[in-house]
Structures are given as C-alpha cells and as structure tokens.
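Student: Each chain, written out:
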Amino acid sequence: MAVTNKFLQDKIRKFHYLSFVTASLLASLLVFSILSFSSLQAATQGSSGASSSGTIENIVTVGRVIRIGGLRDFNFGVWNSGDGTLSDNDNVCIAKNDIFGPYAIRAAGNGDGFDPAAFTLSNGADQIYYNVYWNDANGTGGNQQLAPGVVLHGQTGGAFTFLINLIFGICNTNANVEIEIPDTELQAASGGNYSGTLTLLVIPD
Amino acid sequence: MEMKKLVQGLVIAGAMVAGGSAIAATQGGTGGTSTGDILIDVTVGNQILINNLADIIGTHVPFTPFIGSSPACVYTNNPSGNYEVTITSSNPGAANEFRLNDGGGTLVVYTLSYNDGDSSAPMLSGVVNSTFDNADTTDPSCATPQSSIDINIPAANLDAVGPGSYSDTVTILVAPR
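Taken in order, these protein sequences are the chains called A and B. The first sequence maps to residues 125 to 329 in my numbering. The second sequence maps to residues 2 to 178 in my numbering.
Excised from the complex, chain A in its bound form (with noise of 0.2 Å):
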C-alpha cells in the first residue's frame, strides 16, 4: 500500500511539473502576443463645441529581434605532420521573438585578395583557409557548409529555447558551429601561428 501511494505521488509531482512547464510556456507566449498587438483603429477626431475631444491609438510594434549567443574561442593547439585534418565544434544558442519563423546566417572570415569574407587564417606573411558549417540543432549531425559571406536561409530550431533565451538571457543551446582545417592547407602551411576571426551574424528570416 505504502509503494502505491508512493508510485502516486510522484506521478502526482511529474503531473504538476509539466502543467507548470506548459503554463510558463503558454505565459510567455501571451505576453509578447500582447506586445506584439497592433491595432488599426484610426484616430477620432474631435468635434467643434463647448469643448472637443479627440482619440488616439497608440500603436507599438515590437519588431523581430535576434541574438546569437554561447560563442567560444576555437583553439587548435600545434599541428604536426601527421594530425591530419583538425575539426571542433561548438554547441550555440540563438535568441529570438520570432519563436515559430524560421532564421538565416552569413559567416565571415579574414577574407584574401579576391574574397573579403573568405574563411583565413594568417601568421602575417601566409594564409591557410578552413571549412565552416552550421547546424540549426545541438551536434554536427545534418549541418551544412558555409560559403563565406553567403547568406543561409530557412534555419529552424527549439521555440522553447528560442524564447527561454530571450526573456531571462541565458544560453539553451539549440544550434552548432564547426571548424574544419584541412590537412592540405596545413601540409602546405609555412611554420608558424595562425589566427583569424569568424564573424557570425544572424537575422530573422
């Protein structure tokens, strides 16, 4: 008896977590639907009298805001001949109002005398290029190849996370970023260090 009463009561918890998860949820929703309201009801205007009054609508729009979050540093140490390809990734997190549209992204390297966003890493005197992919979920599973300063459309994702991340700023990761340095680009590579910044930036799509 004592075992079923236990059985029930947590099922009893497990029950009040999830309606309190979806009620948080459903919350959310309602207040940036309410934000988001716009009327259009024209303004009245006010007739000749003793006096005269008038109305207004104040119209907000609050307009689709983004955010790209939980970005590291990748550091691949010192290659060798030998280590082959280097690859890392990086689980991130996207922010936005816009829970259920979908997202694009352009990525932008160092760039090289004939492509100012092409992925390059420099020691001052050479360059070397590397591979970027981007993956609208957790993981490498399913990304896809970036062309520098080419813009990637129909990126989808968590509208939970999504939204969690923009109302309390914190970071649900809910997309990926991978490096790849070829093994030929570092064979061919001059001895030395190098280095570049990846610039990614997202906008609702």
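Just so you know, the hints here were simulated from the structure itself, not pulled from any lab data. Don't take each hint at face value.
[To be verified] Quick list of simulated restraints, FRET-style, between CB atoms: (1) Ile58/B <-> Thr321/A: 24 to 30 Å; (2) Thr31/B <-> Asn317/A: 32 to 38 Å; (3) Thr280/A <-> Asn47/B: 44 to 50 Å; (4) Gly265/A <-> Val129/B: 47 to 53 Å; (5) Thr308/A <-> Thr31/B: 38 to 44 Å; (6) Pro240/A <-> Thr132/B: 40 to 46 Å; (7) Val275/A <-> Asp42/B: 43 to 49 Å; (8) Asn130/B <-> Thr308/A: 45 to 51 Å; (9) Gly127/B <-> Gly237/A: 46 to 52 Å; (10) Pro240/A <-> Asp42/B: 53 to 59 Å; (11) Ser120/B <-> Pro240/A: 41 to 47 Å.
Keep in mind that this is a model prediction, so the values were computed, not measured. Idealized CB from N, CA, C, for every residue including glycine.
Dock chain B against the given chain A, drawing on the hints supplied.
Tutor: Then chain B, alone, in the frame of chain A:
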C-alpha cells in the same frame, strides 16, 4: 504568488539546460540582427622531410676509386629553405670517418659529401653541418630531388682489402634551422 512561482520555475528550467563555460569570444547583442565573433587559432609546427633516397651499390674495379651517389629531396615549411644535416655511419672511425665493414671486422674508410643543390660540403660522421639551404618549400610530398649524397671510396683503400662485400648504413638526419 503563482506568477512568482512560474518565473522561478522558468529560471530553474533554463539554468538546468544552460551549460556553464568560460566565454572569451564576442557574443551577439539582441536586435534586428545579431553578430558574434569567434577567434580561431592554430600553430603549425616546423616540418621537414627527406625522401627519394636510394642505396648505392657497385663493384670495385682495381686501381679505380668507387664513386657513388644517392638522390635526396628535402622539404621544409620554413620559408627560408634553410636546414641542417647530420649523417652518421654505422661503423664510424675515431676521427668521425665513414667506414665500410665486411662483417668480419675489416673496415674501409671512405668520404661522404652532401650537396643541397647549391653547393657541396664534406661531412664527418655524426657531426652536424648547419650551412645548407635550397630545400623545397612548396611541395610537401617532395617529389623532385634537389640534393644528393655522394661517396668516394679511394682506390687504395679498396685495393688493400680482400675480396668480399663491404657495406655501411648511413643515417641522414635533417632539421629545420
């Protein structure tokens, strides 16, 4: 009161899934678009390679020095192409000579020079020579030899020993400089 609980719950739920990590990159701000930066860093170590070596095999003709050569290709990712060479005999003499051995203790002294494609320098066994340059700096596979290892066995040294097979294995060590 209920709303306070809801907010607390959301904060806890968020904290549960938000990983903690030291962030040095630039994070994006909230706006119509958002931009973040990642620093990427890698150090390419000094690389050097010697290949295209070949054994030197021949038959002594009486009263004639034996002269032989092996090609060599040296690649380095040092843009200067500078490198140093140490060549070591398996049967070195007390004065760092290179020597052949018939396996029975009979030794034949010979000389060895290293040519980097620009100039040739006589070598002593186990002694580094740091004057070489002209290594390939563009082809990591080093397909085209530009260097050579040249040996000269004086006729008198070969004429003085009995018939047999005399051999030496030399180890060539190259290092960037």
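Student: With reference to the structure, classify each hint as holding or not holding.
Tutor: Here is what the structure says about each hint:
| no. | hint | result |
| --- | --- | --- |
| 1 | Ile58/B <-> Thr321/A: 24 to 30 Å | violated, 56 Å |
| 2 | Thr31/B <-> Asn317/A: 32 to 38 Å | holds, 34 Å |
| 3 | Thr280/A <-> Asn47/B: 44 to 50 Å | holds, 46 Å |
| 4 | Gly265/A <-> Val129/B: 47 to 53 Å | holds, 51 Å |
| 5 | Thr308/A <-> Thr31/B: 38 to 44 Å | holds, 40 Å |
| 6 | Pro240/A <-> Thr132/B: 40 to 46 Å | holds, 44 Å |
| 7 | Val275/A <-> Asp42/B: 43 to 49 Å | violated, 27 Å |
| 8 | Asn130/B <-> Thr308/A: 45 to 51 Å | violated, 32 Å |
| 9 | Gly127/B <-> Gly237/A: 46 to 52 Å | holds, 47 Å |
| 10 | Pro240/A <-> Asp42/B: 53 to 59 Å | violated, 21 Å |
| 11 | Ser120/B <-> Pro240/A: 41 to 47 Å | holds, 45 Å |
Violation of the numbered hints given earlier is confined to hints 1, 7, 8 and 10; the remaining hints are satisfied by the structure.
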